[in-house]
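Position chains B and X against the provided structure of chain L, taking the given hints into account.
The listed protein sequences correspond, in order, to chains L, B and X.
Numbered per this note's numbering, the first sequence spans residues 1 to 369.
Numbered per this note's numbering, the second sequence spans residues 1001 to 1558.
Numbered per this note's numbering, the third sequence spans residues 2001 to 2361.
These aren't lab readings, by the way, just hints derived from the structure by calculation.
Watch out, some of these pointers could steer you wrong.
[What the hints assert, rightly or not] Computed beta-carbon distance windows for the label pairs:
id : chain 1 : residue 1 : chain 2 : residue 2 : range
1  : X       : S2023     : L       : G323      : 40 to 48 Å
2  : B       : N1101     : L       : R59       : 55 to 63 Å
3  : X       : L2183     : L       : G323      : 16 to 24 Å
4  : X       : G2151     : L       : D335      : 52 to 60 Å
5  : L       : R211      : X       : G2184     : 40 to 48 Å
The model shown is predicted, which means the values in this text are computed figures rather than measured ones.
We put the beta carbon where it would ideally sit given N, CA and C, even for glycine.
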Amino acid sequence: MPEIRLESICKDFDGHVAADDLSLTIGDGEYLCILGPTGAGKTTCMRMICGLTRPDSGRVYFDGEDVTDMDVDLRNSTMLSQSYSLFPHMSVYNNVIFAPRIKEWPEESAKQIVRSMLNMVHLEQKADWKPAQLSGGQQQRIALARALASGSKVLLLDEPLRALDARLRINLRKELRSLAKEMGLTCIHVTHDQDEALEMADRIAVIRRGRIIQVGEPRDVFENPATPFVANFVGRSNVVTGRLTASDGDHAEVTVPGGWVLRTRPTGIPVGTDVVVTVKVGSTKVSHATDEDIPNRMCTGTIERILYEGATITVDVSVDGMGTLSAKLPNRKYDDYKAGETVDIQWVPSKASVFTMPEQGLEEEMRLD
Amino acid sequence: MSVLKRIDELSGNPKVRRSWFTLACAFFLIIIVIPSIFVVTKILTEWDLVNNILSDASTMDIIMGAVWNSFSIAFIVTVIDILVGLPMAWIMVRREFRGKNVLDTLMDLPLAFPTAVLGLSVVVFWAVPPEGITVPGLGLGITPYMLVVLLHIIFTYPYMVRSLSAILEQIEPNYETAAMTLGASRWTAVRTITLPLFRAGLATGFILCFARSLSETGGTNIALLLMGAITDDGGTFFTGPTFIAWMKTAFGGATSPEAMGAMILISVIMIVFALILLVVVRKVMMGFRIPIKKVWPDIGRKVSRGLLPKAKDVLAMAFLLFVVLIPSFYIFAFLTQPTGDIDFGGLLSATGTSFLVAGVAVAVDIVFGMPVAIYIARNKGNRLADVLDELVNVPLIIPTTALGFSLALFWGSFGFSDSVALMLVVLGHISFTYPLVVRNLVGAIEEVDPSYEEIAITLGAKPFQAFRKILFPIIKSSVLAGGILAFTRSLGETGATVAISDSVNTIPIYITNLVKAGMAGEYTMFAEAAMCSIVLIAICFVLMMVIRAMSQGGDRDA
Amino acid sequence: MGKIKLDRISMRFGDFYAVRDISLEINNGEYVTILGPSGCGKTTLIKVISGIWTPTEGKVYVDGVDVTDVPMEDRDVGYVFQNIALFPHLNLRDNVSYSPRVKDLGDQVMEERSTEYLELVNMLARAGMFPSELSGGEQQKVAIARALASGSKMLMLDEPLSALDARVRMELRYELRRIVKRLGITVLHVTHDQEEAMSVSDRIVLMRYGAIAETGSPLEIYRHPKSVFAANFIGETNLLECTVSDKSKMGKTKVRLRGGPEIRVSRTNFNIGDPVVISVRPEHVYPATDGLRAEVTDVVFMGTYWRVRTIAETRDHVEYNVSTSDEIPEVGDMVHLVFNKKATVVFARPEGGIEEEIRLE
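Next comes chain L alone, as it looks inside the complex:
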């Protein structure tokens, strides 16, 4: 039901800017991930939506209605926190029935809802347990059931998977998203984990230093990053600085240290500008060095090391002048290459992005935390 709109929100905590003129619209029934490093203002953004934090300026709208001054308990937006915050003195059942009872729904229908929620998360047999007796994954599910039982149409998820083991986290991604979709909720999911965001989100909003720097579908954010930071934050990228030396409608050329000329997608940046080239490690390919003319060859280097990482391998190649570039290849290529070998590095020019050199310097721009 609700569409949520944040309009020019600002929030400052004793000099720490948590939201800086932040505007964002979340569609009805959408699953939106707010993705960003620790301290970027993700959680504050979410707390302002449910009203636990008041913005210094700016407005919050639900379905066009200004709710900035509305009490938290009337907003019908429920939060799921990373520590789950299951009420420790209540049984699982009483936790889940908390909201129906507070809202004074008829006891019979409240019980009905609680039963079906517990059923949905497959924990009906744990109804009488205390939260402390449950495993992390089970607690997470109960917290979800409690939130769903409240009848809220907006679900705010604050790093809901962070406290779980890596493997379990991956399993629960699917489950969480499909439950939320099934209930038709508008979801805002805060996370620092780009894989989680890619896999779960309808749209991703990348946030940094209190500002939304890009909003888009996962594929769009991954393939058409708005800044060098996004390029490297959402999927690891090779990052090279150089000068734009040629540009036409097909592609641009960037001359980099070591004299290599890298080709990228077309750009409107004027020739002669200092630029940053980014290309995803997954889009970077290697092949045995050859004298033949290979269309997408960008440079040549020596393999430093090859890491077997399961489904993929990572090949680090040292290139004169540029340092180390990495390529992520399917694992079946593992036996094809050896450390010390000379290889060509190639990519499809349309997979490489080019940006003007950030004002505050590249290192500051690329900081991950």
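Coordinates of chains B and X only, in the frame set by chain L:
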């Protein structure tokens, strides 16, 4: 039910919430803080009286002597507590052993003893008791000064161990482990890593113990009476609070100008020094750096292994046993003596008064302290919260006798006096128990993740519903524990009661009067005082056990 | 220097065995990851090696010398904590020079070592800062420098990256391996994150229920897991219940899927009729014109590829990958799937059922 619902609804209104909080703050300021330090203004309005005393050299000698005694005793006691408390805190926090629970209970026991009882017990154990007491003790010929030190160690020691343990628990044990994996012996690790992180705990422990020792009246008074250092006509040895109490009784209330002047002067001196101390200790402790530039690996190694650490633990235990526990329990030796008839009527009426005062005081503390405690705990770093946090300590550090005297003057100036003595005594007891209750509440609330209440509110609960359904049940056992602690403290208090009124007969005063009668030659009164004490201990002990059961029950649920 | 041997180590807390009867050898300069779900006893193991705990049974040898009873301050084992545990009252230089200081090696050594190791982790420029001024990732790098500055040849890493952001974690794990390989020290790294384990280690020790489930290089354990649990825990996989339906003398095996088609798998030692489970990783499942029929239930963008989730005619969930340059199916489409025969691993069917076998907590 409908009242609760009404409050639930009202709590949704931010104006109502703000008003309630303002009311609680106003209560704290007007009923507790201002009356506690009201006496300071008297130095201006009653300057003539004070000036008379200032020019009276012999009275000044007694006053300055008493102040010196109070502060030097408090200092010595606190330093000893720190030295023996540190190893004990380590044992309590970082070790697991059988009987730890028993030790934990034993440690708290002196808190359950009204200090007047301890005074009696300690004199009989260590010193030469006056004629008429037939229970044999060590009979050492120690001075009143040393005896008071020994007495004060008993009831300050638990405070020190508790506050040191609380801080030690918060210090990440991995720091010490990390230091040791880097090659530091335990001694070096503790000296260079844990102790420097410990400053806040030392400051809190220091202030608590110092203030408690500075305040104490009842036990000191009884001890000095028994030692013959204080009589109705005068005395050879006073502490600040005992001097005020003596003036009050010796001159038949504060009506005589001479007593008035002296009492104002000594109260103000005690209050001002105590407040200065509160600030200075904080500053000094925070600025104090333990030098860590140089290490001596070999010495560290020797000190960390073998007999020395064991010897340290044994000494800490021995101290607890011989200086704290046995002298406290020595009162039970009276059970071996034949006793005369006990005046149960008198005992019962005094007990009733005490329970009434303590019960009302604690209930008021909890109701009006809760909003302030929640505010302090949930707004760390906020200016107002920090100011409140500091202010809460004020009644704690002011000697209760001075506080009581100040309070009597304050309400007296509105025309309230002996006619409502009981009410004034209750107000006095509210003042010095309020910090205990609020401190405890703040500690308990800080432990609770605020996201519990936040989630409850996002699930549709009104703020008051979130409080009564979530926060309160979670901290319930701590609230009870803090309440009972304040209750026993109120039960044992003499100084404030005496300073406010001499017509309200609480149980420690009843015991003090029995002892006085004993000193006056009615020797059977000593035994009766002892028996009353034992009854009182029994009551307090049961209360303590209730606390433990409650707080442990709480742990299981959490 | 730095060869570790564990001989039948057990660690008991009350009646509970955190680890039971573990023997393991770690070579000089080897990077070994101890991987397993929460509560499997992995941290206990490195605490025993570094002397923080003394095992209730068994012996620890370093370079052939029994060190079981040597106290931790004399073990000379670097230890990095999950919660970082930098000394908050000391600046970075004093933190890193703490070990030379407590060993009283003199000002010059302290200066040299702290400079060398801060440089190594690229934090020298901020030597005068206090830990609270750094981000989590930076703090952990300093903690590693501090552990290394003891001059130890063995480094224990206790979930060193799990408190950090996902992206920082990924960056740091490459750096971590680079640093320790340059120094040639022996490393034991505890983690619950299989991706992390795969990219940093020479060898993975997979633990479960206080015992070692299996060990092997990342490649061996990914390609040839010895149990259904390992196949599922390390990397993603499709698990399908089936029965051996045919087998040649050479060991060439065919299995019949539940109620459905017969497929060829790698060579096995099973007999016809044996109940088995096959494991095939998503990158070894391909859409084809013929094969296992499946309905697409979900298509998810994973960055460099699309993950297609299907439900097969056998009621098994089967997932496969499609390159971003290829055409992707839509939800509801019927596809035919074939498996890479060589990459299929066959296991005896676990008695408690697959669900129980792959349980994570």
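Task: Unsatisfied constraints (hint numbers, rising) - done: The structure breaks only hint 4.
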